[in-house]
Amino acid sequence: MRLHATILQLKAMTAQQSGSRRRLLAWLPGVIGVAIVLYTFIGGGYLVSVVSFGLIYALFVTGLNLFMGYTGQVSFGQNAFAAISGYMSAVLTTTYGWGVAPALACGIAATLVVALVVGYPALRLKGHYLAMATLAIGLIAYEVAVQWQSVTQGYMGISGIPPLGVFGYEITSDRGNLAFLALVAGLGVGAAALIRHSRLGRAMTAVAGSEDAARALGIDVARYKLLAFLIAAAYAGLAGSLFVHVVGFVSPEVYGLHMVNLAFTMLYVGGIGTIAGPLVGAIIIILLPETFRSFRDYQDMAYGAVLILLLIYAPRGLASLSDLWSGRARG
Amino acid sequence: MALLATVALSACYGHVEALKPTDIRVEDGEFVAVLGPNGAGKSTLMRAIMGLVPNRGAVHFHDEALPRRDPAALASRGVILVPEGRGIFGPMSVAENLELGAYLVGRHTAEFESRLARVLALFPRLRERLSQTAGSMSGGEQQMLAVGRALMANPRILLLDEPSLGLAPRVTAEILETLGELNRQGLSVILVEQKAPLALRLANRAYLLSLGKIVAEINPREVQSYDEIARYYFAT
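For the record, the sequence lines run as chains C and B.
The opening position of the first sequence corresponds to residue 1 in my numbering, with each subsequent residue numbered one higher.
The opening position of the second sequence corresponds to residue 1 in my numbering, with each subsequent residue numbered one higher.
What the hints contain is simulated information worked out from the structure, not anything from laboratory work.
Since the model is a prediction, treat every value here as computed from it, not as a measurement.
Using N, Cα and C, we set each Cβ at its ideal position, and we do this for glycine too.
Among these hints, one or two may not hold up.
To be verified - Selected chain B positions facing chain C (in silico; Cβ < 7 Å): (1) P71; (2) S76; (3) A117; (4) L120.
Stated by the list, open to error - Rough simulated footprint, nothing fancy, chain B against chain C, three-plus residues with beta-carbon under 8 Å: (5) 60–67; (6) 242–250.
What the hints assert, rightly or not - Short derived list, chain C residues pointing at chain B, Cβ under 7 Å: (7) V146; (8) T205; (9) A206; (10) L217; (11) G218.
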């Protein structure tokens, strides 16, 4: 009896230690992401701009993760929402002389209105049909940006967009942009974590798990899908507007299919359905081509090979690497 | 006045009528079994009652006709389904699954605490697993969670779709024993089951479903042998 009790006690202690180690490991990818941002900020140079773009993408992908990772839906059209907000910000500040903050807020509001109008009917579709419908939204937004030349100036794009700033203060340095974007991305990821652990987040995850089971518990599935779509659109809108003010220029190519490809790669490499995944994925994927720059002609091949290796050895993304390590420890 | 009754309830998947116009009723406190072979339309009947599939006809709760495609309206009246395959939310913890059971009352209420205490008393194993991911539990524990989550909704009538599916006989017996106890405390139950002897042991009444229609209503006390029931099973 005493031996049995001791074995049980030992098992409980081991489980507790393994739990603590898992929790520590789960934080590690996020800590590495933050460390890269800090290192870049201190080191300065060209990488500051690269990591800044990574942080903008982190926001974009965090929204996508809410819709795809938490709610289990598919969208290939988030670039449309980034485009709507980005162009709105650009036009309002350059043509009408608005301040950056109200233009940005207006851009996000316009994005939400469009997402509501488009999402209400589109979200009745499921799976591949929803994927195709959202892809169409992205393509339509691209075509509008190209064709509506009186407003968007077509392929020429809009230049001279003022930098980020508020109450007359403008962020003119790359380091300033990086610090500001790190703060906004941190708040964005924090808000996503709060959503995940709220009643809203649980309902969204229930929808992803089983729509019928969720409905049978009284959860309004259509409402939560639409809410997730709107939140994701707001994140995309914020990212889209931040981009034009950081770069100072916007053209249709900025929000083309390349943006969707990149965002999906970041989401899956970082870890879909995880809180830190979008941040980690965005930073790693934005830095990878820079890392392989010395490979010259073989740069794309090395980039592709690393992506394949990452998805083989961390199929649930870098944010879930702790599972891999703890699995090895057990094995 | 029946607690729950269907009036000519039918359901289609595309052009296939999986459930022909069906009338069943469940009295307050009654334990009704729905038996039938694979493909008889048992699960479709449950899904049609809940409004989870396109359907025709009507579902009455205390003589009030309920909306045909509004599961939330049924859930708010205490008509709760434990779906086939359990329908637990695998990536979430056991505690989060139970919280979702009481989705309509919210988490920070005395009512929630009292329901949670009741469920954990019925299934003590869930108390030990509260922080564990639901998907990592055994099949039996997942079924306990599915029933526990349904009980968190404080049901007036529980619709259980094949709770024995893929479970060891001992675990099935344990779960059915709990259901029997809940029924004795006044909870009405509709149990969909392929394994007739299991269901008839607990049921006050049973419907036999074959090829999408009710072919017999059975009083379990009058069943002398299962040959008659088996004939319906193999006739399909």
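To test your reading of the hints: which numbers does this structure violate?
3, 4, 5, 6, 7
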